[in-house]
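Got chain A sorted already, so can you dock chains B, C and D with the ligands onto it with the hints?
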Amino acid sequence: MTDSHGSEGHPAHLQHHFDNSRQQFSASKLGMWLFLATEILLFAGLFVAYAVYRSNHPEIFIYAHYFLDTKLGGINTMVLLLSSFTMAWGVRAAQLGQRKLLVALLSLTLLGGFGFLGIKYVEYEAKWKHGLLWGTNYNPESHDDHTGADEHAEEVEEAPTAPETGAPDRLNLEPTVVPPSATGPAGTVPPGEGLPHGQGAEPDNVHIFFGIYFLMTGLHGIHVLVGMSLIFWILLKSIGGAYGPKYFTPVDLVGLYWHLVDLIWIFLFPLLYLIH
Amino acid sequence: MATEHNHHDQVGHVVPVPLLGGVIAALMILTWLTVFVTKFDLGSLNIFIALGIAVIKGALVVLFFMHLRWDAPINGIVLISSLLLVFLFIGFALMDSAAYAPDQIPGYAPRINP
Amino acid sequence: MIGFLSTTGAGEPSFWLPSQSSTIAQRVDSIWEFIFWLSVFFFALVVVLGARFALKYRAARGQGTVATTDHNTVLEVVWTVIPTLLVVVLFWIGFRTYIDMSTPPENAYEIQVTGQKWQWLFTYPNGYVDENLHAPVNTDVVLVMTSEDVIHSMFIPAFRTKQDVVPGRYSKLWFNATETGEFDIYCAEYCGTSHSDMGAKAIIHPEGEYEPWLKDASNLHGRFPPVEIGEKYYKRFGCKQCHSLDGGAGIGPTFKGLYGTMERLSGGGSVLVDENYIRESILNPQAKVTEGYSPVMPTYQGRFNDQDITAIIEFIKSVE
Amino acid sequence: MSTAATTPDSNYLNVTKGALSWLLTLDHKRIGILYLVSILSSFFLGGMMAMLIRTELLTPGDTIMTADQYNQVFTLHGAIMIFLFIIPGIPAALGNFVLPLMLGAKDVAFPRLNLMSWWLWITGAFIAVASILINAVDTGWTFYTPYSTTTGTSVTLIVTGVFILGFSSILTGLNFIVTIHKLRPKGMTWFKMPLLLWGLYSTAIIQVLATPVLGITLLLLAMERVMGIGIFDAALGGDPVLFQHFFWFYSHPAVYIMILPAMGVISELISVFSRKHIFGYKFIAFSSIAIAVFSFLVWGHHMFTSGQSELVNMIFSALTFSVSIPSAIKVFNWLATMYKGRIQLDTPMLYALSFLFLFTIGGLTGLFLATLATDIHLHDTYFIVAHFHYVMFGGTVIAFLGGLHYWWPKMTGKMYNEKLGRIASVILFVGFNVTFFTQFVMGSRGMPRRYFHYQEQFTSLNQLSSVGSYIMAVAFFMIAGYLLHSLAKGRKAPANPWGANSLEWHTPSPPPFDNFDREMRGVDPYDYTGWKYDESIEGYVPVGGGDGTRDSRAV
Ligand code: HEA
Ligand code: HEA
Ligand code: CUA
Ligand SMILES: [Cu+2]
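If you read the protein sequences in the order shown, they are chains A, B, C and D.
Okay, so the first sequence: first residue is 1 according to the working numbering, each after it adds one.
Okay, so the second sequence: first residue is 1 according to the working numbering, each after it adds one.
Okay, so the third sequence: first residue is 1 according to the working numbering, each after it adds one.
Okay, so the fourth sequence: first residue is 1 according to the working numbering, each after it adds one.
So that you can see chain A by itself, here it is in the shape it has in the complex:
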């Protein structure tokens, strides 16, 4: 443990309280994993909210998920996965000191981030336009004056869970498509017993789904933004050739962060878009 301390002199990146690079590297890594654990537990709260409402009120989730666009969600999943791939490759490039490759791969990763946010923006905007929002802002005003299929076509087109009857008019779902509440009240309102915006089989409290949807994807989106800023930062430094076989810790750590962001999305996608 005495190797680099004193005898060989400190490499520039080695802080004075560490004995050697390896100790510093493994410390940083453990620190990063601990940080990732805190991120997982931060999201845990949202997953709990999701699980509680979904299991008690599947009707809300089944009804509401028809408003999400599986195609866009699927594409976004792939975009994020690809950017994870370029990131992982980037770490390798840093480890091997392939500077140009590293710069290229980091740029691609960053591009993936932009792509993801771009698509997310399109989705958000559609929700916004139709008043598919949280809490008392949930106000899908367009329900009342038309059959719905035309206007919502662009966002509900690809709902994969078409029942046997073919593509249904999703705003006038057969009551059988939306099951009753699993436990407790707030189940399907039978057609006719109108709620304020009740038509067909719209259940109570659909806004809860959109609240959870926006919180989950929003918090995830913020993480994407943070990850992109970090990638941008190491991209700048790697252009200057800061990383090589002896020192690539920042690339590795940012990579870990980016993969975590990806990891969370891997679960968000089926939970929000692929409800059956």
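Be a bit skeptical, because a hint or two may be false.
What the hints assert, rightly or not - Short, incomplete list of chain A residues facing chain D, as computed with Cβ under 7 Å:
no. : residue
1   : His17
2   : Gln23
3   : Ala27
4   : Gly31
5   : Leu34
6   : Thr38
7   : Leu42
8   : Ala49
9   : Trp134
10  : Gly135
11  : Thr136
12  : Ile208
13  : Gly211
Derived by calculation from the structure, the hints in this document are not laboratory data.
Beta carbons are placed, not taken as given, at the ideal position from N, Cα and C, and that holds for glycine.
Leaving out everything else, chains B, C and D with the ligands in the frame of chain A:
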């Protein structure tokens, strides 16, 4: 520390490109698969399949992209314990709120349905 | 000073606990006592050993070290296992009694309770509403409770029972009072400004006196002047939520100075606010809708009799 | 950066000068001092709020304030004491100072994060306290919905502050875990670590794994207020009881964030002042980890009357008892350590003894609460208030004071007045019991907590309690007085005044910038055979000669 070091100052494991490529290919296929499966109505099985696929995808990312396969065991322990806590939290919250749900008052939501 | 070691005697308040006035109280107290004496024992053990060691082995400053053994597995196991067994017992007795506390007996007499900032309202089976809890002695009574706003908590120390009252759901609490008299009810869950004033009384009537009381109390007209009765109705039947008394705007027109004015109707035309119009507005509110308001007032058909309506009219007349 | 000019007389306090050299320092010792000053200021503020509470409660009716003011005062008292004082208390102030020293390391693993943690604390504290000035907060420290989502006070602001404070706490914990894993010196195996490090390590586990859940809870609460998400609000179709699960998932483990480091401190004190090797090292060490693990399994015991289901009540009650076993193990091991020792009743030891008695009462009353049938009656009464002051004040604060006196010479290089120290500790002990023992009685007789008005029958008990609190205030002013006095006029502290053997006593008081002038090796921290008392410096020196700060003693 289970880190491999090929030469003196080399720290961490270098993952070969073909392995990375294989992982991303698998991830893509699994993503397509999970969307595809949703087209079939398998009752309550659907959610388990969807989550099962997500777990496999997550494991791939964690083990290969995040190097955990070659990393110090403590880092894996950290990850696993955080996941255990998530399950603990979900488990109790679910068990409890499902148990008292029948006491809830139908239609009670004065701020939305005046 | 030795008083604090005395625990409960039957019924009477002790140094530690209030009077035991329900069937469950005795059972809770016996558990309480068990834990109490267990704690006294362990506390005494720790204090006696700690103090004795501190005095007996006390030494001046500047001591060297003492070499003795620094572990003993048998001892460790002993003081791990004994507390473990004890807490298993504690858990079990506490749980058994709790299950009885939380499961209302069948056919218990049911009283509806609403908690709101900052009062309790008790609705009896015949619809009569009171600010205090009245119940017969030696009878199973179950309270079915909900809240109008935030969380409150029904706490009756003498009955050793407590249950949070949560908006959006019903929670239940039951008791069987063994003594007649008045007992304190508190709100135990913090609910804002007057949380500490959100009290009531549990009034336990002797055998055979509860039913007559209820009959008597429900007959407000024999006991209060009409204006006062009208005011009670105004508060209890929700009129308050839509009609102000001070001229302030609301969902419905204010009652201030209402009587005797001419109101314009939304279908055109106008009407004089007199006894008949008020009666019609209460029983059939949509018949004539005042201009500028929507027809949202619920009908009170079947909930008021003639006498009640007269009282309300008298009350409206009195608001000037 | 390691090349600060070091002369034989230079130490971490005088090595550089100027305000910035403190505010931007990366030295764990200075950060520890910054934290110490900050949390003591919070403690003072929280204590003054407590005095207001007790003064108001002198009479059953209105005394000195309005109901709304009272609600704000106890909210701030609770929030300040918990989030600003006691959670960072031992780990971030004392822990920061001694942890690297005990490890023979130069610093914590991430000095910059350490500084950031303090700055986050300052930011969070500033926001939290500002919320008082802007529009007060009246929710209680528990922020229960739907009250907290509907009240008109600045809940969103204080929640933001607490969120940031949580972040600061996470960084401290993360730093400690990595430091303990990666920076132990040669020869210091896990079972050669001082028990305080086990305490801090298990604390850090909770800080890292539980605090993020507080973060998301507060975030959801803020969103509930800002956006009206409705997850916790029945008026929007949500579920208020769910909030309580969220809150206690963090806040129960948090109470062990408070007590575990305190237990670590007590393990050090009892062994050193009994001049005897700690008894049952491994059991004490593992019981810390056990407490940390179990602490995650019991949160529902705060919700026995909330309408939580009977099934879950049953499980949580059973699990709650499991935490008391490791606590019992510790108590008995401490007693066994004292057995046949040579007990020196210096101020830190008096605090350790206080701790033993007060924590035992606090812990045993926890059993009344863990038992379902009795908790139904006791929940939300002053019995709870008494319980948690016995464990938090009688436990953590007393241990903190013990540790503060114990390491004071090391931190400042000065000795405080021993006689005043002992007197103050006794006054504090008496005042504490008068204040809070009475509250057990009020509580079991049925006085609910958070009550501005109370019934006549509780008047005399309340007055007694208030008198006790004034006695405590006197003791605290005494303590503050002689500690400050020692800074200016205190006797110079020897390197090892107590004859302890953990590594922080192997370097001068106060330590130099880089902690040690040599590479350290692990030793058995509870083996005192290598030290003998030297009358002339009123401290201990190695049996082999020298002052103990230069030679390196192998295992
Ligand atoms: C430092 C903080 C701290 C600590 C260490 C503890 C320790 C314990 N607490 Fe406490 N608790 C709080 C802080 C703490 N608590 C706070 C702040 C609240 C209220 C929050 C609020 O509502 O505002 C609270 C509330 C609280 C409740 C909820 C009450 C209610 O609101 O209805 C419960 C219920 O189970 C409980 C139980 C326990 C138990 C079983 C322990 C155990 O860990 C105690 C273990 C110790 C011992 C048992 C003593 C030593 C052992 C012996 C001497 C041997 C003999 C032992 C046996 C025979 C078992 N606590
Ligand atoms: C660490 C935690 C902590 C500490 C130390 C204290 C300390 C005190 N608390 Fe505590 N209290 C809480 C945490 C704490 N409290 C919490 C969490 C609540 C619940 C809030 C809620 O319901 O939401 C509560 C509630 C609470 C209530 C109940 C209010 C109610 O329900 O209506 C009361 C009533 O008596 C009370 C009294 C006191 C008193 C008299 C002290 C005294 O011991 C204080 C003495 C301190 C001083 C007088 C300060 C002196 C300091 C200096 C001079 C600085 C210098 C010091 C040094 C150098 C060492 N507190
Ligand atoms: Cu109602 Cu407190
Ligand atoms: Cu707890």
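Exercise. So which of the earlier hints does this model not fit?
Worked result: Going through the list in order, the structure violates no hint and respects every one.
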